[in-house]
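So the protein lines, in turn, are chains A and B. Residue numbering for the first sequence follows the working numbering, beginning at 9 and increasing consecutively. Residue numbering for the second sequence follows the working numbering, beginning at 9 and increasing consecutively.
None of these hints come from the bench; they were simulated from the model. Honestly, I wouldn't trust all of these hints.
The list cannot tell twin chains apart, which means a pair is met if one copy fits it or any two copies do.
[Unchecked claim] List of simulated lysine to aspartate or glutamate pairs, EDC-like, C-alpha gap at most 20 angstroms:
#1 K126 with E192
#2 K29 with D220
#3 K163 with E192
#4 K168 with E192
#5 K97 with D119
#6 K168 with E178
#7 K97 with D19
#8 K168 with E90
#9 K168 with E127
#10 K126 with E57
#11 K168 with D69
#12 K126 with E211
Just so you know, these numbers come straight off a predicted model, no measurement behind them.
Each chain, letter by letter, is given below.
Number of protein chains: 2
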Amino acid sequence: FASLRASTRPDLSRRLFRLIKSENHVITAYNTAAHERQCIATQLSEWGESTGDDAVSELSDKLGVILAEIGGLEEGFATNLEGCRTVLKTIRNTESSVGPSRENRARILEDIRRLEYKEPNSPRLAILEQELVRAEAENLVAEAQLTNITRAKLKEAYVKHFAAVVERAEKQAILARHGRRMLELLNDEPVVPGDMHEPFEREGEARQILNDAEEELRQWTSDIE
Amino acid sequence: FASLRASTRPDLSRRLFRLIKSENHVITAYNTAAHERQCIATQLSEWGESTGDDAVSELSDKLGVILAEIGGLEEGFATNLEGCRTVLKTIRNTESSVGPSRENRARILEDIRRLEYKEPNSPRLAILEQELVRAEAENLVAEAQLTNITRAKLKEAYVKHFAAVVERAEKQAILARHGRRMLELLNDEPVVPGDMHEPFEREGEARQILNDAEEELRQWTSDIE
Numbered sequence: 009f010a011s012l013r014a015s016t017r018p019d020l021s022r023r024l025f026r027l028i029k030s031e032n033h034v035i036t037a038y039n040t041a042a043h044e045r046q047c048i049a050t051q052l053s054e055w056g057e058s059t060g061d062d063a064v065s066e067l068s069d070k071l072g073v074i075l076a077e078i079g080g081l082e083e084g085f086a087t088n089l090e091g092c093r094t095v096l097k098t099i100r101n102t103e104s105s106v107g108p109s110r111e112n113r114a115r116i117l118e119d120i121r122r123l124e125y126k127e128p129n130s131p132r133l134a135i136l137e138q139e140l141v142r143a144e145a146e147n148l149v150a151e152a153q154l155t156n157i158t159r160a161k162l163k164e165a166y167v168k169h170f171a172a173v174v175e176r177a178e179k180q181a182i183l184a185r186h187g188r189r190m191l192e193l194l195n196d197e198p199v200v201p202g203d204m205h206e207p208f209e210r211e212g213e214a215r216q217i218l219n220d221a222e223e224e225l226r227q228w229t230s231d232i233e
Numbered sequence: 009f010a011s012l013r014a015s016t017r018p019d020l021s022r023r024l025f026r027l028i029k030s031e032n033h034v035i036t037a038y039n040t041a042a043h044e045r046q047c048i049a050t051q052l053s054e055w056g057e058s059t060g061d062d063a064v065s066e067l068s069d070k071l072g073v074i075l076a077e078i079g080g081l082e083e084g085f086a087t088n089l090e091g092c093r094t095v096l097k098t099i100r101n102t103e104s105s106v107g108p109s110r111e112n113r114a115r116i117l118e119d120i121r122r123l124e125y126k127e128p129n130s131p132r133l134a135i136l137e138q139e140l141v142r143a144e145a146e147n148l149v150a151e152a153q154l155t156n157i158t159r160a161k162l163k164e165a166y167v168k169h170f171a172a173v174v175e176r177a178e179k180q181a182i183l184a185r186h187g188r189r190m191l192e193l194l195n196d197e198p199v200v201p202g203d204m205h206e207p208f209e210r211e212g213e214a215r216q217i218l219n220d221a222e223e224e225l226r227q228w229t230s231d232i233e
C-alpha cells in the first residue's frame, strides 16, 4: 500500500487546484444549458408549426430564433470562463513550483540545527551555511515571483470573468427585450367556440424585431475592462 | 410484446411534452452552475486567506461575496424558469385532453361512412348523425379552449421567461461592475525579490463596494412585463 497522500497535491496549490476543478463543473453546466436551450428553441418552433395556428406558428419560430441566440450566448460565456480558468492555472503552477523551494530551504535549516546539536564543530556546517544562503536567495526570487504572479493573474482572471458576465448579461437583456416585443404581436384575446382568430398579418413586424435585435447586438460594445 | 407506441404520448401533446422535459434539463444545469459557483466563491476566499498576502486575502474574500451573489441569481433564474415550465404544462394538458375529442368525432364520422356503404337504410344512421352533432359541438368547444389556452399561456410563459432573463442579466451586470471596482483595489505592480508590498489599507473601500452593490440591487426594479 502506498500512502493515501501520495496522490494529493502539495498543500500550497491544493486549494487552487480544487477551485480550478470546480470551475470546470461550472463550464460544463453552462455548456449543457446552452445545448438544451438551443434544442428547446427548435422544439418550440416545430411545436408551433404543428399547432396549425398561423400566429402561433410564425411567432414561435421567431421566438425560437431569439431563444437560440440566448443559448448561444451561454456557450460563449462558457468559453470565456474557460479563458479565466486558464489564467488561474498560471497561479496554481507557480504555487506548485514554489513549494519545493520552500521545502529545500527548510530542509537545510533543519540539517544545520541538527548538526549544531550533534557535532557543533563539524566542517560540514560551513558548507550547509553556504547552501542556505543560496537556497534563501533562490527562495526570495521564488516568493517574489509567486506574489507577483498571484496578484497579476488573480486580477487578470477576474477582470475577464466580470467582463464575460457583463457581456452575457447585456446581450441577453437585448435579446429578451426584443423577445418581449415579439410576444406583443400575439393576440391572445379568447375566441368563442366556432369563431376563429383573424389571419396573422404581422410577419413583417416580427421580421423587423429580429432585424432590430441583430443590429443592436452588432452595435454592442463592452464599456468595462 | 406490447406496441412500441403504447408508452408514447398522443401525437398532439408529444412535442410540447418533450420541450417541457428539455426545460427540466436546462433548470438542472442552472442549479448545478449556481451550486458550483457558490462553492468556488468559498474556495476563492479560503485560498486567498491561505496565501498569507493581506491584499489577496481581503479582496478574494470580498470577490467571493460578489461571486456567491452571482451564483445565487442563477438559482433564482432556475426557479423562474420552473415557473414558465409550469405554465407550458397547461398547454400540454389541454392538448392531451383535446385529442380524445377529435378522435371521437372522427370515429363517429367513420362509423357513418361505413354504415352508409353497407346498410344505407339502417335506422342506426339517424342515431349516429345525432351523436355526430353532439360530438362536433363538444369538439368545437374543445378546439376553442385549445387555441385560447395555447395563445394565452404561450404568451404568459415567455413573458415570464424574458422577464427572468432580464432580471438575472441586469442584477448580474450590477454585481460584475462592482466586482470590477473591487479588482481595482488590488495593486499588481510587481515587487523585486526581497521587497514586500505595502500593507493593504483599503478594507474600507472594499467594504463600501459591497455596500454599494447591495444597495443598487435593492433598488433594482423590472421595467418590463
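Violating hint indices (sorted, rising)
1, 2, 5, 9, 10, 12
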